[in-house]
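Colleague: Keeping their order, the protein sequence lines are chains Z and V.
Numbering-wise (our numbering), the first sequence opens with residue 181 and increments by one.
Numbering-wise (our numbering), the second sequence opens with residue 181 and increments by one.
Be careful, since some hints might not be right.
Claimed, not checked - Subject to a maximum C-alpha distance of 27 Å in a straight line, what follows is the list of computed DSS-like cross-link-like pairs (lysine-lysine):
#	chain 1	residue 1	chain 2	residue 2
1	V	Lys576	V	Lys294
2	V	Lys454	V	Lys464
3	Z	Lys301	V	Lys301
4	V	Lys408	V	Lys294
5	V	Lys576	V	Lys464
6	V	Lys576	V	Lys454
7	V	Lys587	V	Lys336
8	Z	Lys301	Z	Lys599
9	Z	Lys294	V	Lys599
10	Z	Lys587	V	Lys599
11	Z	Lys576	V	Lys301
12	Z	Lys599	V	Lys587
13	V	Lys585	Z	Lys599
14	Z	Lys576	Z	Lys301
15	Z	Lys454	Z	Lys301
16	V	Lys336	V	Lys454
17	Z	Lys599	V	Lys301
18	V	Lys599	Z	Lys599
19	V	Lys454	V	Lys301
20	Z	Lys454	Z	Lys336
21	Z	Lys437	Z	Lys576
22	V	Lys599	V	Lys454
23	Z	Lys464	Z	Lys576
24	V	Lys576	V	Lys336
Read the hints as simulated data drawn from the structure, not as lab findings.
2 protein chains.
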Amino acid sequence: MTDKQEADDPTGATASSTRLGRLPGPKTSVCSRSYFVVVMVFFHVYIINVIVLLLYVHYSSGQEDARPGPPRDTSGVSGGKQNPLSPRPPSKAPLTRDISLPRIDGIRVGHVQKVSLVPGKVHEMRTLSLKPLLFEIPGFMSEEECRIVMQLAQLKGLMESQLMVQDGQEELAKELNISPEEIFNLLDINQDGQLQLHEILTHSRVRDGIWLTPENLQEIYAGLNADKDGNGLLSLEEFRLLSADAFQRFLLQQGVKRSQLVRNSRHTWLYQGKGAHQVLQDIKTRVTRLTRLPATLVDLSEPLQVVRYEEGGHYHAHHDSGPVYPETACTHTRLAANASTPFETSCRYITVLFYLNSVDGGGETAFPVADNRTFDEVSLIQNDVDLMDTRRNCDKSNLRVKPTKGKAVFWYNYLSDGKGWVGEQDEYALHGGCVVTRGTKWVANKWINIDPDFQRQARYEQLVSHRPEDEDDEELTSNFDIHQEL
Amino acid sequence: MTDKQEADDPTGATASSTRLGRLPGPKTSVCSRSYFVVVMVFFHVYIINVIVLLLYVHYSSGQEDARPGPPRDTSGVSGGKQNPLSPRPPSKAPLTRDISLPRIDGIRVGHVQKVSLVPGKVHEMRTLSLKPLLFEIPGFMSEEECRIVMQLAQLKGLMESQLMVQDGQEELAKELNISPEEIFNLLDINQDGQLQLHEILTHSRVRDGIWLTPENLQEIYAGLNADKDGNGLLSLEEFRLLSADAFQRFLLQQGVKRSQLVRNSRHTWLYQGKGAHQVLQDIKTRVTRLTRLPATLVDLSEPLQVVRYEEGGHYHAHHDSGPVYPETACTHTRLAANASTPFETSCRYITVLFYLNSVDGGGETAFPVADNRTFDEVSLIQNDVDLMDTRRNCDKSNLRVKPTKGKAVFWYNYLSDGKGWVGEQDEYALHGGCVVTRGTKWVANKWINIDPDFQRQARYEQLVSHRPEDEDDEELTSNFDIHQEL
Chain Z
181 MTDKQEADDP
191 TGATASSTRL
201 GRLPGPKTSV
211 CSRSYFVVVM
221 VFFHVYIINV
231 IVLLLYVHYS
241 SGQEDARPGP
251 PRDTSGVSGG
261 KQNPLSPRPP
271 SKAPLTRDIS
281 LPRIDGIRVG
291 HVQKVSLVPG
301 KVHEMRTLSL
311 KPLLFEIPGF
321 MSEEECRIVM
331 QLAQLKGLME
341 SQLMVQDGQE
351 ELAKELNISP
361 EEIFNLLDIN
371 QDGQLQLHEI
381 LTHSRVRDGI
391 WLTPENLQEI
401 YAGLNADKDG
411 NGLLSLEEFR
421 LLSADAFQRF
431 LLQQGVKRSQ
441 LVRNSRHTWL
451 YQGKGAHQVL
461 QDIKTRVTRL
471 TRLPATLVDL
481 SEPLQVVRYE
491 EGGHYHAHHD
501 SGPVYPETAC
511 THTRLAANAS
521 TPFETSCRYI
531 TVLFYLNSVD
541 GGGETAFPVA
551 DNRTFDEVSL
561 IQNDVDLMDT
571 RRNCDKSNLR
581 VKPTKGKAVF
591 WYNYLSDGKG
601 WVGEQDEYAL
611 HGGCVVTRGT
621 KWVANKWINI
631 DPDFQRQARY
641 EQLVSHRPED
651 EDDEELTSNF
661 DIHQEL
Chain V
181 MTDKQEADDP
191 TGATASSTRL
201 GRLPGPKTSV
211 CSRSYFVVVM
221 VFFHVYIINV
231 IVLLLYVHYS
241 SGQEDARPGP
251 PRDTSGVSGG
261 KQNPLSPRPP
271 SKAPLTRDIS
281 LPRIDGIRVG
291 HVQKVSLVPG
301 KVHEMRTLSL
311 KPLLFEIPGF
321 MSEEECRIVM
331 QLAQLKGLME
341 SQLMVQDGQE
351 ELAKELNISP
361 EEIFNLLDIN
371 QDGQLQLHEI
381 LTHSRVRDGI
391 WLTPENLQEI
401 YAGLNADKDG
411 NGLLSLEEFR
421 LLSADAFQRF
431 LLQQGVKRSQ
441 LVRNSRHTWL
451 YQGKGAHQVL
461 QDIKTRVTRL
471 TRLPATLVDL
481 SEPLQVVRYE
491 EGGHYHAHHD
501 SGPVYPETAC
511 THTRLAANAS
521 TPFETSCRYI
531 TVLFYLNSVD
541 GGGETAFPVA
551 DNRTFDEVSL
561 IQNDVDLMDT
571 RRNCDKSNLR
581 VKPTKGKAVF
591 WYNYLSDGKG
601 WVGEQDEYAL
611 HGGCVVTRGT
621 KWVANKWINI
631 DPDFQRQARY
641 EQLVSHRPED
651 EDDEELTSNF
661 DIHQEL
């Protein structure tokens, strides 16, 4: 300590102090200039530090209070709640939860709140439903921005969203070695010993990417002579005579029309990282502000998907992301997960859907069970009315959003876990694109991928942020190209 | 400053320092014992202060993160977010909003979260509905506590919750000078020129505290010979012939049974402030922890209401607190409000309902429209089934809570305003007590009163906290005795 004192002392008292320091007395003055300077320096540093800390406490408290405020933490999982005085530790303990994902409060259906997304403009955000938590923001994108996104997508080229027939899908029953009696029992919801049309459709509405209607099923019965007594029901005997892949083989022989597929559209992906068109980067920034999520989470999510539906196009009701069990991996964090996970889903916490044009007829986004009191998969087909069929029953959906150029809607595909992170799947987030009856429909989707397993998300962020080629934005996101499309 | 230095200096250097301080030179040592001690004291004080502040920052951030944490602010409206270093300003600017009311996240129906209400015990809180936001907590009170509350209520004595006939209620139509044609038009919901029974009941289910059923109405028609063509409908001509108070006069002539009233129970109020029985104070503390609201708000709310339903007792569906318009005053903040407010309601933000015994038969708490997709007052009576009638149609309610000794349920009667304060009334909070078919039913109610007008609530708290007779807890709460009972 003596060395430091000597170096700090600006009064030139070094010689005398070292000399006198060795002597037992006499007692020296505490009113010397050197004493005064040192004390004053300490005193000022102390006061400044206290003021800075008080300001920090006040500032961070104030932000916490204003719930629907600007995004307060845009530094990602490991950087949340940084202390201004202590330098950020170089990822020594990044796996502890020091961040809470904000979740916007819907209050009630019809509630309108103002949001600040672009400088000098205020947008209105209206709550459309609470289950799922769903909002609409008119004028989220300008006409010019919509035009540019559509042009960029056309320049890149759009591909079929669903191939006409997907081969190689093995029957699950074959793999699991279940007997026809057991399958019959599983399908027979009301346990009356007969399979009604809707009982078959509830469990296997989609075969090889083909969407089955009650009429399709009756055609298949007739073609295969499956329903021998012609009562429209399958008994166990009739069911036993059908081979496991009879349905599939019949459908493929018949030939499949585009309108029979689960989705009938073309799409492409547009990257939004460094070097991307400014409009694409602006949209990403605006999505970050809208969702109030850390920028890192939005940056590391899937690219922008642009979709074009021609006249007659549709997308039957589906979930953008599946349920998450302990053994389920997320596509985006796979490289941080254990190798052997039997299930995988895209872990799209939020869907932001942009309407790039106003559609001449049809093309609404339908939420069949929005704000239903209960969710019951079985009651989705009743009296042979399939609520998930967006070519026929959009008018029976609880909620339909009209496509209007520049409008954005967004919703949460997962609930909160009650501790500030992603929880269970929200089954009410079921939605589809109604058939386009006139003109073309252009939309874009921005998904925000978050792993419900915080540890995996944190490890993933750590992995991608510490890669040597840190600039390479394209490569970071291009792994999403191999996402399953369904 | 010199005085303080002298007092703090333990080295006895005072005399020499003051003496030498007056001399221009020679330069004195900075290695003297006195210098060293003073600097070290400053240095340690500085280090300790920084550590304390860092701990505070860390602690408060941590609490903010853990959403369902312990109540972090129990100091009331004007004392929210106190800084530990700066003394609480003596209510210089108490009307600025520096507090945000916590609102518990229901996540989804069936979600269970652990709550810490009493030391050494963890309670489970289950979400029963999201509209209204409703929870149940089994074992909230011990058997012993339930017994004591019932005994205290009996010692104090219970009074009729509703007098048999309330006089002096003038017809609103008379005051407002509306013609019979206009009233007819208002009542005729489907505008078919006829008044169906349910159209009359939707608008005036209660007359002079008497609950009308479709059968009552038909008896009145018969008694008054109102429905001359006997088709069960009132035409404009038939309606015109009825005088404005014909219904009332007929009902009073007939004589009224207790079961015909809106509510059929007896109740009393138990104060929970200083000097009250320890069990009552404990319950108040537990409610503060449960709701995570500032203790001041709970302290300044209504006393505990204890209610006893005999066999045959009931309470038809109602809202504990009404809608709030700009011209609506709250009963509890009246002394802080403008004198002339046309409407008044009790502003019960939260209802906590305690079951003090397990009922032998019936007596459930029914929420007829909990989690309904939409709220439609008109559809509450359909096909002559009145969902608000808890003597007849409890089985048709969306949700029923069984009375179990010690269990508490609580719900929010108002939505959030999206900015951390009380917002609009939650219409879905409609509830009632089903008829007790066997035995007696004992419940207690704790209401937490908050004015949706923050300024009025703050002024009110300021007024009551600055009263000269600050100890007088009884008087503070006794103004609630004059609350309207309906």
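Colleague: Each hint needs a verdict: does it hold in this structure or not?
Modeller: Hint check:
At most 27 Å may separate the alpha-carbon atoms for a hinted pair to count; Lys576(V) and Lys294(V) exceed this at roughly 31 Å. Under the criterion of a C-alpha separation no larger than 27 Å, the hint pairing Lys454(V) with Lys464(V) is consistent with the structure, at around 11 Å. Straight-line distance between C-alpha atoms of Lys301(Z) and Lys301(V) comes to about 51 Å, which puts the hinted pair past the 27 Å bound. Simply put, Lys408(V) and Lys294(V) have alpha-carbon atoms about 63 Å apart, too far for the 27 Å limit, and the pair is violated.
As the CA atoms of Lys576(V) and Lys464(V) are separated by approximately 34 Å, the hinted pair breaks the 27 Å bound. A hinted pair counts as satisfied when its Cα atoms are at most 27 Å apart, and Lys576(V) with Lys454(V) does not qualify at roughly 44 Å. Distance restraint check for Lys587(V) and Lys336(V): the Cα-Cα separation of roughly 23 Å lies within the 27 Å cut-off, and the hinted pair is therefore satisfied. Under the criterion of a C-alpha separation no larger than 27 Å, the hint pairing Lys301(Z) with Lys599(Z) is inconsistent with the structure, at around 33 Å.
For the suggested pair Lys294(Z) and Lys599(V), the alpha carbons sit about 11 Å apart, so the restraint of at most 27 Å is met. At roughly 25 Å between alpha-carbon atoms, Lys587(Z) and Lys599(V) fall within 27 Å of each other, so this suggested pair holds. With a CA separation close to 49 Å, the supplied pair Lys576(Z) and Lys301(V) exceeds the 27 Å bound. At roughly 25 Å between alpha-carbon atoms, Lys599(Z) and Lys587(V) fall within 27 Å of each other, so this suggested pair holds.
For a cut-off of 27 Å, the pair hint linking Lys585(V) to Lys599(Z) is broken: about 30 Å separates their Cα positions. Taking the CA atoms of Lys576(Z) and Lys301(Z), the gap is near 37 Å; set against the 27 Å cutoff, the hint is violated. A hinted pair counts as satisfied when its Cα atoms are at most 27 Å apart, and Lys454(Z) with Lys301(Z) qualifies at roughly 25 Å. For the given pair, Lys336(V) sits about 18 Å from Lys454(V) by alpha-carbon distance, which is consistent with the 27 Å threshold.
Proximity of Lys599(Z) to Lys301(V) is assessed by CA-CA distance (about 20 Å); at most 27 Å being required, the pair is judged to hold. A threshold of 27 Å between alpha carbons decides the hint, and for Lys599(V) with Lys599(Z) the separation of about 21 Å falls inside it, so the pair holds. The straight-line distance between the Cα atoms of Lys454(V) and Lys301(V) is roughly 25 Å, inside the 27 Å bound, and the hint therefore holds. For the hint pairing Lys454(Z) with Lys336(Z), the CA-to-CA distance comes to about 18 Å; that is within 27 Å, so the pair holds.
Of the pairs offered as hints, the one joining Lys437(Z) and Lys576(Z) holds, with about 25 Å between alpha carbons and a cut-off of 27 Å not exceeded. Pair hint Lys599(V) plus Lys454(V) does not hold up; C-alpha atoms about 33 Å apart against a cutoff of 27 Å. Annotation: proposed proximity of Lys464(Z) to Lys576(Z) is violated, straight-line Cα distance about 34 Å (limit 27 Å). For the hint pairing Lys576(V) with Lys336(V), the CA-to-CA distance comes to about 37 Å; that exceeds 27 Å, so the pair is violated.
Violated hints, in rising order: 1, 3, 4, 5, 6, 8, 11, 13, 14, 22, 23, 24; the structure is consistent with all others.
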